[in-house]
Amino acid sequence: MLEKEFDIVIIGSGSGGGVVASELSPMCRDGVRIAVLEWGPKLKPAEFTGREIEMVGRLYAEAGGFFTKDGDMTIAFGRAYGGSTVVYTGTSLKIAKETVEKWAVPGLEFDNMDRRAEKFFRENNLHLIEDSLINENNRLFVEGCRKLGYRTKRFPVNVKGCKGSSLCNLGCPHGAKQGTDQVQLPAAEKNGVLVVTNCKVEHLGNRECLAVVSEPGFGEPSAWAPGEYRIKAKIVVACGGAINTPALLIRSRLPAALPALGKFITLHPALILVGLHDRPIANFLGHPKSFCCDHFAGTHGFLLETCIYFPFTTAKSCIGFGAEHAELMAHMDRQQQIIALAWDQPLERNRVTVDRKGDPVLDYRASPLVLDALHRAQIEAARIFFASGAARVHAPAGRKFFVERSEAAEVEDLIPRSGMLPGKISLTSAHVMGGCRMGRDPETSVTDGWGRVHGVPWLYVADASLFPRCSEANPYLTIMALADRVAERVRSDTSELLR
Amino acid sequence: MKSLSDSQAAFLLAVARRVVPAVATLDPGGTERFWRLIDDALNIKPPAILARFKFFLLILRWAPALVFFRPLDRLGPGTQDGVLRWLQSSPIRLLRVGVWGLKTLCFMGYYGQPEVAAGIGYSPVLEGNERLVERP
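Quick note, the sequences are listed as chains A and B, same order. Sequential numbering of the first sequence, starting at 1, is according to the numbering used here. Sequential numbering of the second sequence, starting at 1001, is according to the numbering used here.
Simulated from the structure, these hints should not be mistaken for lab results. Note that the structure is a prediction, hence the values are computed from the model and not measured. Mixed in with the good hints, there may be bad ones.
[What the hints assert, rightly or not] With a straight-line cut-off of 27 Å between C-alpha atoms, the simulated DSS-like cross-links for lysine-lysine are:
hint: 1; chain 1: B; residue 1: K1002; chain 2: A; residue 2: K153
hint: 2; chain 1: B; residue 1: K1045; chain 2: A; residue 2: K69
hint: 3; chain 1: B; residue 1: K1054; chain 2: B; residue 2: K1002
hint: 4; chain 1: B; residue 1: K1002; chain 2: A; residue 2: K69
hint: 5; chain 1: B; residue 1: K1045; chain 2: A; residue 2: K357
hint: 6; chain 1: A; residue 1: K200; chain 2: B; residue 2: K1045
hint: 7; chain 1: A; residue 1: K200; chain 2: A; residue 2: K357
Chain A extracted, bound-state conformation (with noise of 0.2 Å):
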């Protein structure tokens, strides 16, 4: 086995990893040795080909199909250099007051985490695109809502010299997308930090990692040679996100009680919506994502995004086969589509555990609260879809595969809550948080405030695994905000831990 030494290790690159070591890096100048320890591998610019089964095999964790325990839910979760800011749309919503107070963390106030959201809106140079460059799947959705009176929303995306691939969750092929790939990550590096890349951390013992360095046969070849490695550090942040990083420590059996850990899962369970319109619309064309309706977060807490996916993706989010399934997949060009977006309860049931290997089990069931949001999201969306014209529409949940626009006025009836049946209906989720959640108490949380792990003074966390409960917007700013906070905290600390 290899022997490496660092003074702090970063275990992961994405929206947390990558804006800790960031944070951190200026230490570099003093002489601190850092290190960042990515599982996935960093692609050549020519290898993001935009081909769907390609890109998911190379960017995501276990090639898009990690499934939970049960089988019914798809988690989709980025691994790569940029980790799941590499394959995200770059759409960022900052976190609420009330989801702040909701969380109720002793010390985390909300103008504290605005503050720091608001300097990744520059740092990652947060607009909105300009009008002209919203495509005709977005103004339909706007225009759908407006009939219907419900509000909606623009997204602010992160994008610099964007081209309108609509290709975003395959990786940008311009790398316009301003995740930490292209902006925390390359400033870190500039000032001394090491990103190793294709290195898998297996286990955390007392102040080291275990972790094996492997060679995909893509992307560039990493820092270190394939192989076994045992690296020391004194400290160590875990940023492998909410459902590695739970797993991770679960494995490494630390030294502290926690019963808390890999609990109170959530995931924004989600639903691909579409409807079918009796002619093209530009869908593939410009910024797939820049509107959402928030119209009934809270009155039914769900969210409705514009989105627009690719061929394997759509087919599997849609019910049925055969005819009717070819005959809505046959016109692509045709499709306006929706996401629907739940908000979860943390529930102690919902978990990541590790099978005997030690891999990462995710046991999560749907509740009834978030069926009843996602059924009642569903009939919300196809009012949409007819409100902006289209002819036909495709609820998963709906009594036929298709409603009909004469049928437009009868979607109550034709999608009825019994048709919300898990491993019927495609449920899929990109945003998991909890498992590591912040707190005060020991029983019920697994690190301080600033991130730092009960009783293991030497261990920090800083990615979505911290949330108490699930964050009500898309997570990434908010992940980059808390991780801000945890590399403060680092800081301030390494006088103490770096001696």
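Based on the hints, put chain B in the right spot on chain A.
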């Protein structure tokens, strides 16, 4: 095909033709890509999940024999569809999940092929903004 036996693959192909009718019209190149995509997806699955999937194929093939006295792939197309439709909405979650997983593989094998994209109207372009502003 490394992940499934010849008999399992033949059954999967029969079901795939019900799930995605166009699978029956794939040329040899398309059929090869169909199997490669499915095989790649199955090969990265943990052995326990692969074993569960094979067991589900077995159940799906032979459970209809209890009612129709023939395995699923020897039934008429309409009856096969009826069985799949019933299982898709079955009160037993595991059966629903099994059908979803099977359908997902079939969809991946067909719609995961870049060669299929243009024929279904999926045609993103790298310079999408330019096209967008050119549109009337």
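Outcome of the hint check:
In summary, the hint linking B:K1002 to A:K153 is not supported, as the alpha carbons are separated by about 49 Å, beyond the 27 Å threshold. Between the alpha carbons of B:K1045 and A:K69 the distance comes to roughly 13 Å, so the proposed pair stays at or under 27 Å and holds. With a C-alpha separation of about 13 Å, the suggested pair B:K1054 and B:K1002 falls inside the 27 Å cut-off, and the hint holds. As the CA atoms of B:K1002 and A:K69 are separated by approximately 25 Å, the hinted pair is consistent with the 27 Å bound.
Restraint check for B:K1045 and A:K357: satisfied, since their Cα atoms lie roughly 14 Å apart, inside the 27 Å limit. For a cut-off of 27 Å, the pair hint linking A:K200 to B:K1045 stands: about 18 Å separates their Cα positions. Restraint check for A:K200 and A:K357: satisfied, since their Cα atoms lie roughly 14 Å apart, inside the 27 Å limit.
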